[in-house]
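Enquirer: Residue strings, one per chain:
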Amino acid sequence: MSEDLYTQLLDLSCGAFLLAAVVVLWRRELVAVVRVFALQGVALAAIVVLLGIHEERWDLVGIGIGVGILRAGVLPYLVRRALAALLAGRAHSEEVRETQPLVNVAASLLTAAALTLLAYAVSRPLVELDPIPATRALPVGLAVVLIGFFVLVTRRRALAQVVGFLLLDNGITATAFLAASGVPLIVELGVSFDVLLAVLVLQILTTRVREAFGTTDIDDLRELHD
Amino acid sequence: MTATASAFLLTAPAAVPLAVAGTFATVRLDTRRPTPATSPVPNRAGAVLVAEAPAPEPARSRPHPAHWAGLVSAAVILLCGSLLAGDVLDGGPVSAYSGLLRADPLTVWMLLVIGAVALIACGATPAYLAGARATDRAARRYQALVHAFLAAMCLAVVTANLGVLWVAVEATTIVTAFLVGHRRTRKSVEAAWKYVVICSAGIALAFLGTTLIYYAARQAGIAEAWALDWPTLVARAGRLDPAVTRLGITLVVLGFGAKAGLVPLHAWLPDAHSQAPAPVSALMSGVLLSVAFAAVLRYRVIADAALGPGFTQALLIGIALLTMALAAALLLAQRDYKRMLAYSSMEHMSLIALGTAIGSPLALSAVLLHIAGHGLVKSVAFCASGRILHLEGTTLVGRVRGLLARAPWSAGLFGLAVVALLGFPPFSLFASELGIARAGLAAEPGPAWATAVAFTLALLAFTALTARTGRMLLGPAPDRRTTEDDPAALWPLLLGLLACAALGVTLGPLDSLLHTAAETIGGP
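Protein chains in written order, with the working numbering: chain A, 1 to 226; chain B, 1001 to 1524.
One thing to keep in mind: the hints can contain errors.
To be verified - SDA-like mimics (lysine to any residue), calculated; alpha carbons at most 25 Å apart, straight line: (1) B:K1187 <-> A:G214; (2) B:K1187 <-> A:Y77; (3) B:K1187 <-> A:W58; (4) B:K1187 <-> B:L1079; (5) B:K1187 <-> A:L189; (6) B:K1187 <-> A:D226.
Simulated from the structure, these hints should not be mistaken for lab results.
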């Protein structure tokens, strides 16, 4: 693959990766949000596979496929299953829509733009250390981390928060691969396993929150305070 | 020592608790089940422990002998810690599996603290499970999770790979989530949700920081296999890019700080500590916080070598003072005694962060001693508070009166633990707080001022703690049924207090270990 084509394809996948995070902010139906999250997983896998092909490291291509299976397949499947469980409990439930996010959609999109600028500003020293196409795209990963945090603190539905946590995690994975072609395999495996378990735990807790509170609106969780 | 022996000693602290967890998860203990009438929670799929409630008098269930098996993990951790201590002091750090597991004096010190606190918590577990009238299934699940939790903490301290360290710390969040939420009441489900979301998101920041340090290390020419290896990074820290390291270290301190209960991501701590079963609160407060902080101690060495001491010092002092101010303010208004203990943990963690920021050899020795003393005393305090909750059925300070007259053993141990937390001699917290204060006042003007402010705030916190505890324990017994429990079950708590008092009087054989451990984290 020529250098030019590689750079263009890499930028394309990074663009898709960032765009997916912004679309998550835009959509309110949780089903749609999960679908977009799965597409982001595909973009992330594409980034990793491209890096692997460019560096002719076939182990990295394998890891990229693994990342794709986890982030575009398994994790969205788990969230979707939790959604289905909520829907089964109540027909046309309000639980699967983010009816009233704390920040409205227009303000969220503007915030996403500001966060992306912030990510580019913060990551200047990271890019300057080793300016190759991969590290130049690195601010995209940080931007997705920040957007993930934003989703986490402004969304009220439990599952929307889970998606926020997963966006955050996707952003970190992308940063790791763009900066240093990923952390060593044993760490990567450990991290993926931890994330998978964390999502499983959150999936079970969502059901328990629903059983205990009758809703998954996190704003209703206010028994504990000082 | 042969390579096999050291590999065995390094593997056992994580492997044995994991094996114990597996045994509890798979082996059915007995067929004797409590009668359904005593179980107010319907047995839904995966039903967990029954709410802690005052026991109706006659049918008091006895601790099941199999639950004493939990002490095996604690004993193995202590034994491996002591054996490793000898080797590490004689022949320097030992490592196994090409550097993946490694024991230096800091590792050994943390292993001993984990083992001691685990001994208290596992010793208090049979009585807790009997008191909570756990079903066989719930008790086994509880034990399996607690031992997996111990294994994850041990792995976090024996690994030299900073990536594996992160994986182990995140694993503690996952295995303790259901322990926090075990009662399935609204409060405990809420606490578990907040715990998993805040800790996972916070600790994700630490992973981003780890990634950036790895990037800097790779750019500094360190090979992939060694770029997350702590000794390698310490030795070559001078070649790391300062700007990238600064960003990385900030994220790492914030991330592991979240898990250590430091501002700004501390919000999970009072909720989780107040809702978890008493022995689990003991482990979380006594060792989980300091295991997470030990990661900060390790990263500080790298950051100081790459950036000079000023940056992490300013960062840690800022975080320590904010945490202390918040904890003191919330202690003054506290009405719940388990939350009171949780905020007291935040206050002690902020003293530890302050000592780390000061960074002189005296301060670092005092920090390590404080970690040990706080672990022992806080686990005693939480286990005793669990007994009080069991006796009184409430966690509100205002509803508990004249406890010392009614339940002298539990109340006395709780009172002594609070006295120790206040830093009174002969308990070791007196020596360590004195050490931190002396080191701080002897330091440059910045840290000296911070020390003065922090100890003034700590005084406020102490006042609040004294007033609340006094109201609970002193005064005449109200006209209520006296339900003093079996004092024989309180031996782990007594042992913890005695150990803390002994550490305050003399370090004995631990003296050289403490000082070499402080040297390890003092910089290359």
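Enquirer: All hints are to be evaluated individually against the structure, with a verdict given for each.
Expert: Now for the hints, and whether the structure bears them out:
1. B:K1187 <-> A:G214: It holds: about 14 Å lies between the C-alpha atoms, which stays within 25 Å.
2. B:K1187 <-> A:Y77: Cα-Cα ~29 Å, so violated.
3. B:K1187 <-> A:W58: Between K1187 of chain B and W58 of chain A the Cα gap is close to 49 Å, so the pair fails against 25 Å, i.e. violated.
4. B:K1187 <-> B:L1079: violated (38 Å)
5. B:K1187 <-> A:L189: violated (34 Å)
6. B:K1187 <-> A:D226: holds (13 Å)
Violated hints, listed in ascending order, are 2, 3, 4 and 5; each of the other numbered hints is respected by the structure.
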